[in-house]
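From first to last, the protein sequence lines are chains F and R.
Sequential numbering from 2 applies to the first sequence in this note's numbering.
Sequential numbering from 2 applies to the second sequence in this note's numbering.
You may find that some hints are simply not true.
Identical copies look the same in the list; a pair holds intra-copy or inter-copy alike.
Said to hold, decoys possible - Distance condition first, Cα-Cα at most 20 Å in a straight line; then the derived PhoX-like pairs of lysine-lysine: (1) Lys-318 / Lys-202; (2) Lys-177 / Lys-325; (3) Lys-257 / Lys-244; (4) Lys-104 / Lys-124; (5) Lys-109 / Lys-270; (6) Lys-147 / Lys-289.
Hint data in this document are derived by calculation from the structure and do not stem from the laboratory.
2 protein chains.
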Amino acid sequence: MKFRKKDKEFMLEAIKIAKKGRGRTKTNPLVGCVLTKNDEIIAKGYHSSYGQKHAEIDALDKTEEEGLTLYVNLEPCSHYGKTPPCVKQIIERKVKTVFVGMKDPNKKVNGKGLRILKQAGVKVYQGCLENESKLLNYSYLTGIKKNRASVTIKVALSLDGKIAACDGTSQWITSKESRHDGKKLRNKNDAILVGSGTALKDNPVLNRSLRVKNWKKVLVDRKNKVAESAKMFKDGKIYIWGKRKNGLDKKPKYLKAKNLKNLLELLRKEGIQSVLCEGGMLSSELIKENLADKIVAYISPKLIGSQGLGFSPSEWKTLSDSKKLCDINIKKIGKDVKIEGYLTDVYRDN
Amino acid sequence: MKFRKKDKEFMLEAIKIAKKGRGRTKTNPLVGCVLTKNDEIIAKGYHSSYGQKHAEIDALDKTEEEGLTLYVNLEPCSHYGKTPPCVKQIIERKVKTVFVGMKDPNKKVNGKGLRILKQAGVKVYQGCLENESKLLNYSYLTGIKKNRASVTIKVALSLDGKIAACDGTSQWITSKESRHDGKKLRNKNDAILVGSGTALKDNPVLNRSLRVKNWKKVLVDRKNKVAESAKMFKDGKIYIWGKRKNGLDKKPKYLKAKNLKNLLELLRKEGIQSVLCEGGMLSSELIKENLADKIVAYISPKLIGSQGLGFSPSEWKTLSDSKKLCDINIKKIGKDVKIEGYLTDVYRDN
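Isolated chain F (complex conformation) (with noise of 0.2 Å):
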């Protein structure tokens, strides 16, 4: 159905507000709600983080107006979880109109939340902004269907799809502004994902430019080359898949994953719904392994040469099997271009 400018205004607030809950909802959604009444905003809410109160009820708890419009970019819940079901409170305070961006896939509602409300009188429309609010919730979709946290990549190359010279150098390919955006990109996921190989090269700090509790770093190192000493061990929450490292002051999390695809699942056992791989390697197996749900690509304009190390995997022959990122956006940075899209559709069949 066709939205008016209205309802999708209303819908990109509550959007933009769910994000305030990024990085504390664990494995619950991010959701944001607008109540309106005469297109006039009323209250706003948002799920601040897990085991908080939902976004519906937050907003609805700053008002005691009924007969209000209420734009909510997920659909309400109908189960008694954490919190008591949103679709009952939703009824009970005369709520006329409920705008949802997306059904939610998970089974406990999936449909539910919506029929109720329908059910209790309730005018329902659902799919404002249905994309937007899958984009989104992806991470959280991500562990819906696929039952692992997801997994962004992020890349800088040089024009020619480098992500180091031949001599491996790569300290910066990017502008210092690109490099800044990077860093900003941790603060989008719950976790920092890095193999050996970066880990040894780099040894980053793999730092956050937010200060948050528990921020998390995992590390791939399955044949135990990583030294007690890196610097990433330093501070935050560390995961590590490989063998025990004794001399740690803080003690890490070991997780022993079957494969990569394992190794995911359990990190969302750990409340990990997102991570953001920085490492080369191991980005190139992620995307072999279809197990890459986003990319973030910052290119700089130059030229490193065809011998330098390159990004992808190895297994594609021909153009047909080259994959495409969906849902792209692109943005100058300085001199830079960053280019980010979606590799998996987790978010398109809900």
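The hints should help you fit chain R onto chain F, whose structure is shown.
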């Protein structure tokens, strides 16, 4: 010096109309001229084709007013060539002030035009939109400074920097919109240049979206691999670096070049100021030989895989060897991104 916003606007207009002469001035520069009085435009002119009026005269001929201000992107000429010197007429017509984009590095001018004007009491301001003026005439400048045709490389790339999958398939990496934009590039250059690889593999017609008399195509076929039946021979003026092909209806011009650099020198002698290279391997060779002046890359957000075919040379060992593009221009085209930039700095030191 700092120029007023108004001055820049008039100079930009001069640059804009200068472009109308593109493809018809042979080895002459592109020049546009704007005449103003009290910051109102009185007349405009441009150099429309080789042998025709210079831009300044074209503009002055349209008005009888005196005491005007003249904006021209290139230093007015001081020598008798195909036409009498412009400075003479500027002085005779009692132009009060002259704004110049850049000095003309042509040995016959090279500051002399500016000097004569000043000596005659004309106020002269040089360097208004200097960079834009240089970019406009980078082909002319390449000709003057390096005595050869300038080279623009057009390339369609995947996000991972490939021009074809490992089985050679490359049609099409980029979108229809990018390909359409790429065809328009042909109109901005005097000739199109391909190697035998491209002529054999893709067998392109190399047509032009605008109907132009004497549309020129250059084939590098050092090993005489391309047959007479190749589609590119069907129309246009053909130049071949390679052995004589007897079966061709239209007589091509055969060039005996010593090397790629010499080929570009010979092409300039033929009145070809700029070539657009669309071939993969030939592009790489031109970049390697420091003969590529500009790159226009269309990047499609897809991954072809590390075994795909790259386009850059394999000479450079470390990151500091990498070739940086300058004067970058970034534009979204459909789902692709177009990155333009210059590899040589011929237009910088003037």
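Going back to the hint list, which numbers does this structure go against? none
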